[in-house]
Structures are given as structure tokens and as C-alpha cells.
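Colleague: Could you build the full structure based on these sequences and the hints that come with them?
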Amino acid sequence: MEAQARHVGARRRACTRGYAEGHHLDPSLGPLEQPAVNARPTTSPAPRRRLATLAALLLALIPGTLLAAAAPASAHAALVSSDPADGSRVASLPDEVTLEFNEEISDPAYVVVTAPDGVRVNSGDATVRGPRVTQALDAQGLALPAGSYTLAYRVVSADGHPISGEQTFEVETATAADPATETDRTDEGATEGGAAADDDWGATATGLVVAGVVALVVLAGALLLRARRGGTA
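The sequence shown stops at residue 233 when you use the working numbering, and every number in between is there.
Every clue listed holds true.
FRET-style restraints, in silico, Cβ to Cβ:
{"id": "1", "residue 1": "162", "residue 2": "88", "range": "22 to 30 Å"}
{"id": "2", "residue 1": "116", "residue 2": "219", "range": "53 to 61 Å"}
{"id": "3", "residue 1": "173", "residue 2": "86", "range": "15 to 23 Å"}
{"id": "4", "residue 1": "226", "residue 2": "162", "range": "39 to 47 Å"}
{"id": "5", "residue 1": "134", "residue 2": "162", "range": "13 to 21 Å"}
{"id": "6", "residue 1": "158", "residue 2": "95", "range": "25 to 33 Å"}
{"id": "7", "residue 1": "102", "residue 2": "146", "range": "26 to 34 Å"}
{"id": "8", "residue 1": "100", "residue 2": "170", "range": "19 to 27 Å"}
{"id": "9", "residue 1": "100", "residue 2": "124", "range": "13 to 21 Å"}
{"id": "10", "residue 1": "80", "residue 2": "225", "range": "47 to 55 Å"}
Derived by calculation from the structure, the hints in this document are not laboratory data.
Backbone N, C-alpha and C fix where the C-beta goes; we use that ideal spot for every residue, glycine too.
Modeller: Okay, here's the thing in C-alpha cells:
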């Protein structure tokens, strides 16, 4: 029995030494004296740092995206002045109206002047000379009332972006009709869908910018979450 006990003890000591060597333990120390062994494999912080850096770069792109979207809008042509001026009063209907922009305008341009009763008084095509657009008016043979006349325009700036707008001026004296020369007028100039087309373009551009910013935020958040999970795994 004593020999069997010594044999069992020797086997246990051999097993203990093998376990200690495989786990880098000191066989001379007791179980409670052994250094702690980390059973969880260590994860290199390099991938987490790369993900966090990429997320930060994506977030940094958001202000630039917003500024880039706003820059073209500020570069478009703008109306500087007009004759008659917006909201002004004139004694009678002028022979022409002029629009002055802050940069050259592409030809053709479209101008429509409408009387209070809905009759259009613009005649022929608008003339474009640099930043100035001139539209002739013709009230001959028409009975036109005094009141508020509407001037609507649609032009294309040098960068190819369409600009449209509307303003009014007051005519104090009515125009009498001449039965001998009175004729029917056909619609000329800009289409009524011009302003709506500009609104649609602006809404589309804004929607694309918002979608791009949202995508950047979502992607950056996903990368940060992945990096955080990798750090706690």
C-alpha cells in the first residue's frame, strides 16, 4: 500500500509540473502563490485605433460637405436693380423694363409683364447685353387699367444655374383702347413652370446634401460602436 501511495504521489507531482510548464507557472510555488493567468486572449489596440481614426475623419468631413453645398448657391447671379424698381410707382406704362444683375447673363432670357387684368404687355424677345436684360413693352390698342403690374423673369447665370423672380410696380394712369388696332395677344416669354423648376432643383440639392450628411453620421457611429465593442471584447 505504501509503495502504491508513493507511485500515485509521483504521478501527481509530474502532472503538476507539466501543467505549470504549459501555463508558465512556477512549480516551487503553491496554488495560491501562482501569478494570475489571463485566459482571455489579448486584442491588439491597433484595429480599434484605426476604426476610431476613420470615424473621426468621417465626422470631420461633415462641415466641409455643408460648406461645399452652400458655396455654389452664393456664387449664383443675383438681381441688383430694375427699372421700374420693385414697389415703385410710375405715371404710365413704360416702353420697356430693364433688369440689372451682378454678373453676365446667358442669352436667351425671359421676361413677362402682366397687367392687373391678366393681359401680358411684353413684346418680342428680351435683349441680353452682359449683366443687363431689357424687355420691350407694347400697350398699343389695349385698354389697360391702372394698378399693380407684375414683372416676372427667368434667366440663366454664367455658371448655368437658372434664376427666376417676380416683382411689381404701380401704374397710375390707365391706357385707352384703340378699336382700329386692337388685336388678340398670345402668351410670350417665360413659362409659368420656371419658378417651380427652380424650387424643385433647390429641394433636390438640399435633399442630397442632407442625405450625405446623415450617411456620414451613421457610418461614423457604426465605426465608433465597432471600435468600442472591439475594446470590450
